[in-house]
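2 protein chains.
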Amino acid sequence: MDRIQQLVKDMLAGHRLSLARLISKVENRDNDVASILQSIYPHTGRAQVWGITGPPGAGKSTLVDRIAVHLRGLNKRVAIVAVDPSSPFSGGAILGDRIRMQQHSGDIGVYIRSLGTRGKHGGLSHATKEVVMVLDAAGFDVILVETAGVGQTELEILRLAQTVLVVLVPESGDSIQVMKAGLMEIADVFTVNKCDRPEADKLVRELVTMVGMGAHDEHSWMIPVKKTEALRDLGVAELIESINAHQEYLMHSGAREKKAREFLKNEVADILTERLSQTLMQAFETSSGKDLLEDLFMRRVDPYQAADIISNV
Amino acid sequence: MDRIQQLVKDMLAGHRLSLARLISKVENRDNDVASILQSIYPHTGRAQVWGITGPPGAGKSTLVDRIAVHLRGLNKRVAIVAVDPSSPFSGGAILGDRIRMQQHSGDIGVYIRSLGTRGKHGGLSHATKEVVMVLDAAGFDVILVETAGVGQTELEILRLAQTVLVVLVPESGDSIQVMKAGLMEIADVFTVNKCDRPEADKLVRELVTMVGMGAHDEHSWMIPVKKTEALRDLGVAELIESINAHQEYLMHSGAREKKAREFLKNEVADILTERLSQTLMQAFETSSGKDLLEDLFMRRVDPYQAADIISNV
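Protein chains in written order, with numbering that gives the first Met the number 0: chain X, 0 to 312; chain Y, 0 to 312.
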């Protein structure tokens with residue numbers, strides 16, 4: 000048994016340090032990523048993946064922590080993956096992780112990990128998807144993926160979730176802005192957080208109207224609009240019931256299986272795209288690559304021939 | 000001789016309609032793109048490519064037209080490629096083209112073409128680069144590539160230019176905003192257009208100071224800051240002199256050759272990226288692709304194996 004297989008075996012047996020090391024390798028795009036994913040893949044496909052997004056200041060982290068506590072009460076094993084593409088240091092979130100871990104301290108059933116920006120375009124969403132697969136294999140029942148904002152990378156990341164919860168606060172704008180930000184398209188459940196604030200009920204009413212206007216029939220999912228006050232733990236249990244209802248809807252309607260297939264297609268696409276960019280980075284650095292560039296420059300070879308040559312190496 | 004070779008032969012002989020048809024095929028990513036590029040490639044590498052960018056309302060189009068008229072006076076054959084990634088209809092610019100063409104009407108030495116947004120990410124910059132290669136092969140001495148704004152697509156497009164002219168007006172903001180917009184990094188020449196307006200001299204002075212602060216030695220290019228009033232044809236001849244000086248600098252310093260090699264590397268990368276996205280679009284649509292997806296879903300094959308299978312088809 001090689002080193003990676005041993006790490007995976009230990010991780011599957013519940014060894015925390017092995018899990019952390021495997022995740023770091025995946026995050027850093029280590030050379031072992033392919034063999035890690037190949038070893039864990041047969042153990043994936045069981046976890047529920049919930050995406051949580053919303054504007055800065057909506058109280059996402061507090062709400063996510065509350066949800067984790069409730070799920071622990073239901074005896075579920077919970078992993079939290081916090082993704083911030085704009086953070087230049089993935090390590091920068093470690094302090095935050097430690098503070099967040101304290102309230103779950105000693106609880107082997109909760110695992111928290113932050114992922115930050117990655118140099119390569121598209122690298123963060125691919126790494127995040129594969130980290131989620133590792134956590135799935137590790138036996139977590141629910142994986143909460145928390146993203147800041149709704150840029151391209153965040154939308155890509157949210158595609159890995161079966162259920163997307165959009166967290167809003169009255170201050171984050173009215174329903175028109177919610178629509179403009181594309182949140183309507185990705186939300187499976189809305190919650191208006193900090194619902195003790197004035198204007199909260201107004202936003203709830205607007206969202207209910209907006210959701211009602213969306214085209215739907217008796218078989219489609221009607222997006223629920225919930226109210227929470229994460230700090231005082233109000234409405235969180237009801238919110239989780241709505242998310243569970245969505246998971247059941249996915250199961251009955253066949254949508255969960257469809258989403259899983261889409262996820263797998265995207266994972267294969269990500270693997271091939273990553274390989275191509277590695278090939279291209281190295282292609283013109285070798286001595287034969289330098290000769291090829293000279294042939295291109297001298298018009299002895301055209302770019303389409305060069306592409307054939309590189310892809311056949 | 001096949002159909003494409005005949006079109007290319009006619010285009011090389013100066014036939015305008017053949018040129019227009021070849022450009023349309025390249026723009027629309029026709030199946031013949033590879034053979035078109037292979038046929039024209041030996042005839043490329045001679046044209047000067049000037050990129051012209053700047054904020055909306057800076058008077059870029061008027062200035063580009065003036066530059067074309069001056070270059071015609073120097074007996075240069077000129078092509079203008081106007082790129083607007085935000086325009087949803089490439090055809091939407093045709094009326095503008097016709098109006099612009101009128102002032103060069105009957106002049107076989109000027110060719111104007113607009114390119115609009117393309118569905119696929121990265122598609123527009125690749126198509127634009129290849130359109131420029133066709134125009135290069137067609138024997139135009141100077142190709143003016145005009146882009147709106149400085150988004151990711153525009154920056155990608157400007158990489159194909161040997162010389163980038165950034166057009167500013169006093170209303171477009173002060174020098175700090177210019178720096179923030181990343182214009183400092185891409186400019187080889189600045190011009191303050193509509194220089195009859197108040198505040199124009201202030202912007203010129205700020206730009207001169209900013210350029211002077213940039214690290215440079217006696218061998219590096221010192222970005223000139225020019226003043227133009229395109230509508231009244233003021234300063235345009237002097238601006239062209241500055242651009243010519245940059246082209247001479249590129250030639251003497253070896254930078255032109257270096258840029259040409261970078262351009263070729265990018266072209267090969269674009270070809271391979273485009274091929275990959277086509278492969279991926281089709282990969283899961285065939286009957287063997289559907290079987291593969293089923294194997295993935297059932298965990299009989301892992302995503303890295305599936306990637307190998309797809310890339311070996």
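I should point out that these hints are in silico values taken from the structure, not numbers from a laboratory. None of these values were measured; they are calculated from a predicted model. Warning: the hint list may mix true and false statements.
Where chains are identical, the list cannot tell them apart; a pair therefore holds if satisfied intra-copy or between any two copies.
[Unchecked claim] Below 30 Å or equal to it, Euclidean Cα-Cα: the simulated DSS-like pairs (lysine-lysine) are:
1. LYS289 <-> LYS258
2. LYS24 <-> LYS226
3. LYS264 <-> LYS201
4. LYS289 <-> LYS264
5. LYS201 <-> LYS226
Among all the numbered hints in the text so far, which are the ones the structure does not match? Failing hints, ascending: 2, 3.
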